[in-house]
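Student: Top to bottom, those sequences are chains V, Y, A, X, G and W.
According to numbering that gives the first Met the number 0, the first sequence is numbered sequentially starting from 0.
According to numbering that gives the first Met the number 0, the second sequence is numbered sequentially starting from 0.
According to numbering that gives the first Met the number 0, the third sequence is numbered sequentially starting from 0.
According to numbering that gives the first Met the number 0, the fourth sequence is numbered sequentially starting from 0.
According to numbering that gives the first Met the number 0, the fifth sequence is numbered sequentially starting from 0.
According to numbering that gives the first Met the number 0, the sixth sequence is numbered sequentially starting from 0.
Keep in mind the hints are simulated off the structure, nothing from the lab.
Please note that the accuracy of each hint is not assured.
Derived lysine-lysine pairs resembling DSS-like cross-links, with alpha carbons at most 27 Å apart [said to hold, decoys possible]: (1) 26(Y) x 114(V); (2) 1(V) x 124(Y); (3) 33(X) x 72(V); (4) 69(W) x 51(W); (5) 72(A) x 69(W).
As the structure is a prediction and not an experimental result, all values here were calculated from the model.
Protein chains: 6
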Amino acid sequence: MKTVYITRRETFNAAHKLYNENWSEEKNEEVFGKCANANWHGHNFSIWVTVKGIPHPDTGFVINLKDLSKIVKEYVVEPLDHRNLNLDVPFLKGILPSTENIAIEVWNIIEGPIKEKGGELAKIKLVETENNFVEYYGGNEPF
Amino acid sequence: MKTVYITRRETFNAAHKLYNENWSEEKNEEVFGKCANANWHGHNFSIWVTVKGIPHPDTGFVINLKDLSKIVKEYVVEPLDHRNLNLDVPFLKGILPSTENIAIEVWNIIEGPIKEKGGELAKIKLVETENNFVEYYGGNEPF
Amino acid sequence: MKTVYITRRETFNAAHKLYNENWSEEKNEEVFGKCANANWHGHNFSIWVTVKGIPHPDTGFVINLKDLSKIVKEYVVEPLDHRNLNLDVPFLKGILPSTENIAIEVWNIIEGPIKEKGGELAKIKLVETENNFVEYYGGNEPF
Amino acid sequence: MKTVYITRRETFNAAHKLYNENWSEEKNEEVFGKCANANWHGHNFSIWVTVKGIPHPDTGFVINLKDLSKIVKEYVVEPLDHRNLNLDVPFLKGILPSTENIAIEVWNIIEGPIKEKGGELAKIKLVETENNFVEYYGGNEPF
Amino acid sequence: MKTVYITRRETFNAAHKLYNENWSEEKNEEVFGKCANANWHGHNFSIWVTVKGIPHPDTGFVINLKDLSKIVKEYVVEPLDHRNLNLDVPFLKGILPSTENIAIEVWNIIEGPIKEKGGELAKIKLVETENNFVEYYGGNEPF
Amino acid sequence: MKTVYITRRETFNAAHKLYNENWSEEKNEEVFGKCANANWHGHNFSIWVTVKGIPHPDTGFVINLKDLSKIVKEYVVEPLDHRNLNLDVPFLKGILPSTENIAIEVWNIIEGPIKEKGGELAKIKLVETENNFVEYYGGNEPF
C-alpha cells in the first residue's frame with residue numbers, strides 16, 4: 000500500500016495570553032510567567048497540515064494542494080490571522096489558547112472539510128517560535 | 000534495542016509540469032492549474048533520506064554518511080538535478096511527476112543500494128517548496 | 000533625515016535554461032554546464048524588493064506593504080510564477096534569463112509603479128538557491 | 000582601514016496594532032486593514048544590531064558580543080518581549096508601532112550604551128515576518 | 000486520548016572528532032575521513048526534545064516549556080556548549096561522540112528529570128549540520 | 000552602469016578557541032568566557048562571497064558561479080573545513096581566529112584569484128551562528 004503523507008504550510012500572526020481566570024494573578028504569573036502579560040503578546044504561527052492517502056493514478060495526488068490550501072485558509076487562517084486568540088475566535092471560545100489546545104481545536108475544525116475532499120487528516124503541527132512547536136495526531140498513533 | 004534514525008539531505012533543481020496526457024487541456028488546466036503550464040516550471044527540491052539501525056560499536060554510525068550521501072548523489076541527484084522530470088529521467092518515464100510519485104520512485108531506486116551498505120531505508124521526505132512536502136515510508140508504518 | 004528601508008518578499012517557481020543561441024552546443028555546455036540542459040530546469044525564486052523613504056507621520060509607513068505586495072504580485076509574480084523564463088515572459092523576451100538579468104529587468108518593470116505609490120525603489124535581491132543570489136540597485140550606489 | 004561590521008540577533012514576541020487615533024475606524028480599516036484589529040495581533044520579531052569598527056589587536060573583536068548581547072537584551076528585549084507595543088513600552092509611548100518606527104526608536108535607545116562600550120552602532124534590521132523587514136542606519140548613508 | 004507532542008529546541012556549539020582508538024590512523028582516516036582530523040573540528044548543534052502527554056485542563060500544557068527548557072539547559076547545554084565532546088563531558092566519557100551516540104546519551108540523561116516534572120520523553124532529534132540529523136526514541140517505536 | 004552584485008555561499012565546519020597567549024588564564028576567561036575553553040569548541044560556518052560587476056552580454060553573468068564556487072572551495076573550504084582554525088590553517092597562523100579576523104584573512108586570500116577570473120570582490124560575510132555574523136568590504140565603503 001503506497002500510502003504517502005503530504006503536508007501544506009500556512010501562516011498566521013496573532014495575539015494571545017496564557018491566563019487561567021480561576022487563578023490569582025500571582026498564580027498565573029508563577030505558572031505562565033511573561034506569557035500571562037495582561038496586555039497580550041503575539042507570535043507568527045506556522046501551521047503544517049498533513050494528509051495521508053494513496054496517490055491517485057490520474058493525478059499523482061494524495062489530495063490537490065489547491066483544495067488543501069483553500070481549506071486551511073478558510074477554516075484556520077481566516078479566523079486566526081491578525082486576531083486575538085483569547086477574544087476573537089469562535090472555535091476557541093472558552094479554551095485556554097496554549098499551542099497544544101489550538102492544535103487540537105484546529106484538528107476538530109478541519110478534519111471534516113478535508114474528508115469531504117477525499118483526504119484523511121493525519122497530523123497537525125503548530126509552530127509558535129523557532130524554538131517550540133506541538134504535534135497532534137487526532138488521538139491516533141503518532142508518526 | 001537502541002535503534003536510531005539518521006537523515007541526510009541532498010538537493011536538486013529541476014523542471015516539470017503536471018499534465019495528464021489522457022485529459023483535455025481544459026481538464027488539465029482545471030485540475031493542475033498553473034502547474035500544467037505547457038512550457039514547464041521548476042523548483043529547488045530537497046530530498047531527506049532516513050536510514051534506521053543500531054549504531055555500530057566501532058564507529059557510532061547507523062550508516063556512514065559518506066556512503067549514504069554518495070548513494071543519494073549517484074541515484075537521485077545525478078539523474079534529477081538540472082533536468083526535466085517529465086522528459087529526462089529514465090526511472091520516471093511514464094510517471095506523472097507529482098511530488099508524491101517522485102518520492103515513491105526514489106524509494107524504489109535507492110532502497111537496494113542502501114541495503115548493500117548495510118542500511119535499512121526508513122523514510123523519504125521530498126520538499127518541493129517552503130510550503131509543501133511529502134513523506135513516504137515504503138508502504139510501511141509511518142513515523 | 001530618518002530614512003528607513005523596507006523590504007517585502009514574494010516568491011515564484013519557474014523554469015529556465017542558460018543558453019546563448021549564437022554559440023555552439025559545445026560552447027554552451029562548456030560555459031553554462033548543466034544549466035544549459037535543453038529540456039530546462041527550474042528553481043524556487045525569492046524576490047526581495049526594498050523601498051526607501053521617511054516614515055509618514057500618520058501611518059509610520061515608508062510605503063504601505065499592501066500596496067508594495069500588490070505591485071510585486073502583479074508585475075513580477077503573475078508573469079513569472081509557474082512560467083518558463085525563456086519563453087513565456089513578455090518583459091524577458093530576447094534576454095538571457097540569468098539571475099543578474101532577471102533582477103535588472105524586474106527593476107525596470109516595478110520602479111514606475113512603486114513611484115506612483117509614492118515610494119522609491121532602492122534594491123532588488125533575487126535569490127535563486129540557498130547558495131546564490133544577486134542584488135541590484137538600479138545602477139545607483141549600493142547599500 | 001580594516002573596518003568590519005558585526006551583527007548580533009536577538010528576538011522578542013510582542014502584540015501590537017496599527018491604528019491612528021485621529022482617524023475614523025473606517026479610515027483605519029482602509030489603510031491598515033487587518034493590522035488595525037481592535038484586539039491586537041502579534042509577531043515573533045527578530046532584531047539584528049550591527050556595530051562597526053576595527054578589530055582590536057588583543058581580541059580580534061569589533062565589540063565583545065557578550066556586551067552587545069547584554070545591551071540589546073537589557074534595552075530592547077526586556078521592555079518589548081511578551082509586551083504590547085502600543086501600551087506597555089515606555090520608549091514607544093505616543094508612537095505608532097509600525098516596524099519602521101520601532102526600528103528608529105530602538106536605534107535611539109541603544110546607540111548610547113553601545114558607544115559606552117566603545118562600539119559604533121551602524122544598522123538596525125527589524126524582521127517582522129518571513130516576508131518583511133526594515134533597515135535603519137540612523138539617518139546615515141545606508142550599506 | 001488527546002495526546003499531544005511538544006518540542007523544545009536548544010542549541011550548543013562544540014568541538015569533537017570521530018576517532019576509534021583501537022584502529023590505526025589509516026583505518027580512522029579511511030572510515031571517518033576529515034571527521035578524524037587530529038586537531039578536532041566542530042559544529043553548531045541543535046537539540047530538539049519532544050515530550051508527550053495530554054494537555055492539563057488548568058494550563059493547556061503537556062509540560063511547562065519553562066521547565067523543559069530549564070532541564071535541557073542544565074543537563075545538555077551547560078555540559079556540552081563550548082566544550083570538546085571527546086574530552087570535556089562527563090556523560091560522554093568513553094563514548095565515540097557520533098551524532099547517534101550523543102543522542103542516545105542525552106536521552107539517558109534527561110529522561111529522568113523530565114519524568115520528575117510529570118512529562119514523558121518521546122524523542123530526541125539532534126541536528127549536526129543543515130544536511131544531517133539523527134532521531135532517537137529511546138528504543139521505543141518511532142513516530 | 001548596470002552593476003550587479005552576485006553572492007555565492009559555501010560552508011565549513013571547524014574548531015577554534017578565542018585565547019590571547021599574552022594574557023593570563025583569568026584574563027582570557029574574563030574577556031572570552033566559554034569561547035576560551037582550552038579543549039576548543041566549534042561551529043558550522045557559512046561564508047557568503049559577493050562579487051560586483053556588469054553582466055556580460057554573452058552570458059548574463061557578473062562572474063561564472065562555477066568559477067566563483069571553485070575559488071571559494073579551493074582557497075577557503077579546503078583549508079578550513081574540518082580543521083582547527085588556531086592550529087591547522089596556514090593563512091591564519093599567528094592570528095586570533097575571531098570571526099572578524101577570519102573574514103579579513105579570507106578576503107586577502109581570495110581577492111586575487113577572483114580578479115584573475117575577471118571579477119571584483121566586494122564583500123565577505125561570515126556567519127558563525129544563527130545569532131551572529133560579520134561583514135567585511137576590504138576596507139572599502141560598505142553596502
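Student: Are the hints correct? Go through all of them and say.
Tutor: Hint check results:
1. 26(Y) x 114(V): Holds, at about 23 Å.
2. 1(V) x 124(Y): holds (14 Å)
3. 33(X) x 72(V): Satisfied, since the Cα-Cα distance of roughly 15 Å is no more than 27 Å.
4. 69(W) x 51(W): The hint holds at about 17 Å.
5. 72(A) x 69(W): The hint is violated at about 36 Å.
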